[in-house]
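Novice: Chains P and E supply the protein sequences, listed in that same order. Per numbering that gives the first Met the number 0, the first sequence starts with residue 0, numbered consecutively. Per numbering that gives the first Met the number 0, the second sequence starts with residue 0, numbered consecutively.
One thing to keep in mind: the hints can contain errors.
Computed spacing ranges between beta-carbons, pair by pair [said to hold, decoys possible]:
no.	chain 1	residue 1	chain 2	residue 2	range
1	P	ARG15	E	GLU10	41 to 47 Å
2	E	PRO130	P	ASP229	14 to 20 Å
3	P	LYS230	E	ALA119	49 to 55 Å
4	E	ARG45	P	PRO361	23 to 29 Å
5	P	SER227	E	ARG45	22 to 28 Å
6	P	ASP216	E	ALA119	41 to 47 Å
7	E	ALA21	P	THR259	31 to 37 Å
EDC-like cross-link-like pairs, simulated, lysine to aspartate or glutamate; straight-line CA separation at most 16 Å [claimed, not checked]:
no.	chain 1	residue 1	chain 2	residue 2
8	P	LYS68	E	GLU24
9	E	LYS161	P	ASP315
10	P	LYS286	P	ASP328
11	P	LYS48	E	GLU122
12	E	LYS161	P	ASP328
Don't read these hints as lab results, they were simulated from the structure. Don't be surprised by glycine CBs; every beta carbon is placed ideally from N, CA and C.
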Amino acid sequence: MDCLQAREIVSEAFDRGLTDTPGVAEAREHCRGCAECAAFVQGLVALQKAPAPQAPASVVDAILDRTRKMAALDAEEAAAARPVTPAPVATTPESTDQGASAPVAPSPPAPTGWESDLGSPVPPRPRPRLWWLPRTAAGLAAAAVVIVALVVSFQGFRALAPGGGTPASAPVAREMEPATEAAKDVGTSSHSATSGNRFAAGPSQAATSSVRYVAFDGQAYVWLGERSPDKSSLVAAGTLMSSFATTDAPVSRQVWRSKTDPDLIFLEPAIGTMTAFQRVTRTLGGKKFALSAESGLDAYGQWPALPSRFIAPTSDDGSPTFQAAGTDDTGLKVYTPPGASPAQGFAVAPGTSGADPAGGDPDWTWWVPAQ
Amino acid sequence: MSEAGPGVSDETVAAAKAGDAAAFEALVRGHADAVYGHALRFFGDRQQAEDATQEVFLKVYRSLGGFDGRARFSTWLYRLTRNVCIDMLRRDPRRSVATDPLDLRPAPVADFADGVVTSAALEQAIVTLPPEDRDALSAVTLFGMSYEEAAAALAVPAGTVKSRVFRARRTLLGLLGLTAKESA
Numbered sequence: 000m001d002c003l004q005a006r007e008i009v010s011e012a013f014d015r016g017l018t019d020t021p022g023v024a025e026a027r028e029h030c031r032g033c034a035e036c037a038a039f040v041q042g043l044v045a046l047q048k049a050p051a052p053q054a055p056a057s058v059v060d061a062i063l064d065r066t067r068k069m070a071a072l073d074a075e076e077a078a079a080a081r082p083v084t085p086a087p088v089a090t091t092p093e094s095t096d097q098g099a100s101a102p103v104a105p106s107p108p109a110p111t112g113w114e115s116d117l118g119s120p121v122p123p124r125p126r127p128r129l130w131w132l133p134r135t136a137a138g139l140a141a142a143a144v145v146i147v148a149l150v151v152s153f154q155g156f157r158a159l160a161p162g163g164g165t166p167a168s169a170p171v172a173r174e175m176e177p178a179t180e181a182a183k184d185v186g187t188s189s190h191s192a193t194s195g196n197r198f199a200a201g202p203s204q205a206a207t208s209s210v211r212y213v214a215f216d217g218q219a220y221v222w223l224g225e226r227s228p229d230k231s232s233l234v235a236a237g238t239l240m241s242s243f244a245t246t247d248a249p250v251s252r253q254v255w256r257s258k259t260d261p262d263l264i265f266l267e268p269a270i271g272t273m274t275a276f277q278r279v280t281r282t283l284g285g286k287k288f289a290l291s292a293e294s295g296l297d298a299y300g301q302w303p304a305l306p307s308r309f310i311a312p313t314s315d316d317g318s319p320t321f322q323a324a325g326t327d328d329t330g331l332k333v334y335t336p337p338g339a340s341p342a343q344g345f346a347v348a349p350g351t352s353g354a355d356p357a358g359g360d361p362d363w364t365w366w367v368p369a370q
Numbered sequence: 000m001s002e003a004g005p006g007v008s009d010e011t012v013a014a015a016k017a018g019d020a021a022a023f024e025a026l027v028r029g030h031a032d033a034v035y036g037h038a039l040r041f042f043g044d045r046q047q048a049e050d051a052t053q054e055v056f057l058k059v060y061r062s063l064g065g066f067d068g069r070a071r072f073s074t075w076l077y078r079l080t081r082n083v084c085i086d087m088l089r090r091d092p093r094r095s096v097a098t099d100p101l102d103l104r105p106a107p108v109a110d111f112a113d114g115v116v117t118s119a120a121l122e123q124a125i126v127t128l129p130p131e132d133r134d135a136l137s138a139v140t141l142f143g144m145s146y147e148e149a150a151a152a153l154a155v156p157a158g159t160v161k162s163r164v165f166r167a168r169r170t171l172l173g174l175l176g177l178t179a180k181e182s183a
């Protein structure tokens with residue numbers, strides 16, 4: 000037996016656990032008498048003893064966190080996919096100087112067939128049976144049905160025009176549709192960013208929902224649908240990061256702001272038409288306030304939370320963080336830190352109706368003066 | 000080692016496939032090192048390896064329902080991992096971290112006096128291996144696949160897998176200075 004044969008047999012024996020076959024015995028005998036082959040065997044032992052790479056714990060935790068959220072979204076999607084008879088849509092009780100109530104939002108636009116990372120209501124691709132339903136899926140599904148029933152009676156946002164003039168954009172409606180996840184097949188390309196750890200702990204939102212918010216400039220914007228605006232009516236306003244309706248890492252999208260409606264932005268996808276988002280606002284004393292999303296929003300299904308400088312109230316009356324500070328223009332109670340004026344910002348308690356701009360948010364929300 | 004592969008049992012795989020959250024977590028924890036190790040050796044970069052690892056398990060989450068059990072889970076996972084890494088490289092060729100084997104100097108003899116190979120030195124050397132040798136070595140040593148299973152995953156004969164693994168080891172020993180001449 001020559002050196003090459005002996006070494007090949009030894010290498011195979013390492014993998015197969017062979018010990019007593021005639022070939023192995025002969026190879027072992029050869030190595031006893033050959034210094035180079037003996038060194039080869041020692042080298043294999045050293046290689047085998049070298050510590051194998053270990054996945055960082057943070058990576059494993061991020062994976063598990065992400066898949067838990069995906070499971071919750073899947074459960075909501077399953078519940079929302081059940082037929083629900085829409086309730087009649089009521090007109091808004093608001094009566095400010097900013098115009099009439101907005102009509103009901105139009106039906107979702109037809110799918111275009113382009114990548115659905117911006118959440119257009121593309122019919123779900125055939126996917127495997129929803130096997131990933133945790134034992135609590137029944138409870139989540141029931142909660143999702145209640146939420147859907149509440150929000151289908153929601154009436155859309157009024158178009159907000161400065162100075163009470165003619166609304167410059169189409170009426171806004173916040174559609175509480177289930178987020179669509181882009182199913183991925185084994186071995187095909189997926190959509191991911193190239194920057195740092197995108198799966199690190201995100202904003203401290205409460206349980207996921209089917210809302211479609213993005214955060215831009217620290218404020219929340221709600222999905223309107225696909226649009227084809229005249230680019231001359233837009234101005235480049237920066238970028239934002241979101242995973243939108245996918246489970247991939249957040250991606251960056253160019254943001255365009257309407258020149259005529261400061262509450263309207265458009266996101267430019269990699270391909271296809273733009274997607275419109277409306278800033279979530281309410282009024283107090285005739286002045287506009289925007290829903291704060293200071294902590295950011297990584298993907299659809301997340302609710303904006305209180306800025307981190309506020310400790311979440313432990314009581315319905317806002318204590319110990321907030322105290323009652325009057326009402327907004329709809330008559331809803333607002334709260335401020337002790338001694339603060341609502342003009343600088345105010346909080347709204349959770350549990351508002353589906354008609355409210357933040358209806359359905361399970362957490363306290365913070366509203367800041369809209370620029 | 001179970002039929003599913005190192006780290007988990009067939010029952011765990013079946014439970015995860017049926018939607019058991021704890022079983023899925025066990026799958027992740029049982030195979031994260033192998034997936035990460037393959038990606039690290041593929042890209043030679045920790046950040047990209049972490050990205051790839053997360054992408055792999057998200058695909059596992061979405062695709063486990065389609066795992067038919069004809070092959071071992073570790074074999075299925077190896078194919079998926081390899082495909083994800085290749086896809087990521089195709090999407091952005093800049094991801095590849097080129098390492099010239101000539102830059103790898105054998106470590107001082109004293110480092111190997113006790114036959115100890117550091118993880119860093121080994122991983123650095125593995126990145127320089129020809130891709131086919133590295134893939135074969137990863138399949139066998141990280142994912143615990145037999146030559147026959149690796150052959151099926153790589154679409155080559157089992158003898159080719161055996162040769163590639165041997166060649167990889169021989170190359171690594173030379174790069175790390177663990178041959179008879181260098182250690183004499």
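Novice: With reference to the structure, classify each hint as holding or not holding.
Specialist: For each hint, the structure was consulted:
At about 26 Å, the beta-carbon gap between ARG15 of chain P and GLU10 of chain E misses the expected band of 41 to 47 Å. Taking 14 to 20 Å as the suggested C-beta distance range, the pair PRO130 of chain E and ASP229 of chain P does not conform, at roughly 50 Å. Distance hint check for LYS230 of chain P and ALA119 of chain E: the Cβ-Cβ separation is about 52 Å, which falls inside the suggested range of 49 to 55 Å. The supplied range of 23 to 29 Å is broken by ARG45 of chain E and PRO361 of chain P, whose beta-carbon atoms lie about 37 Å from each other.
The hinted window of 22 to 28 Å between SER227 of chain P and ARG45 of chain E is violated, with their beta carbons roughly 43 Å apart. Evaluation of the 41 to 47 Å hint for ASP216 of chain P and ALA119 of chain E yields a pass: the beta carbon distance comes to about 43 Å. Taking 31 to 37 Å as the suggested C-beta distance range, the pair ALA21 of chain E and THR259 of chain P does not conform, at roughly 54 Å. Of the supplied pair hints, the one linking LYS68 of chain P and GLU24 of chain E holds, its CA atoms being roughly 14 Å apart against a limit of 16 Å.
Of the pairs offered as hints, the one joining LYS161 of chain E and ASP315 of chain P is violated, with about 68 Å between alpha carbons and a cut-off of 16 Å exceeded. A C-alpha spacing of about 9 Å is found between LYS286 of chain P and ASP328 of chain P, which places the hinted pair at or below 16 Å, so the restraint holds. For the hint pairing LYS48 of chain P with GLU122 of chain E, the CA-to-CA distance comes to about 13 Å; that is within 16 Å, so the pair holds. Of the supplied pair hints, the one linking LYS161 of chain E and ASP328 of chain P is violated, its CA atoms being roughly 76 Å apart against a limit of 16 Å.
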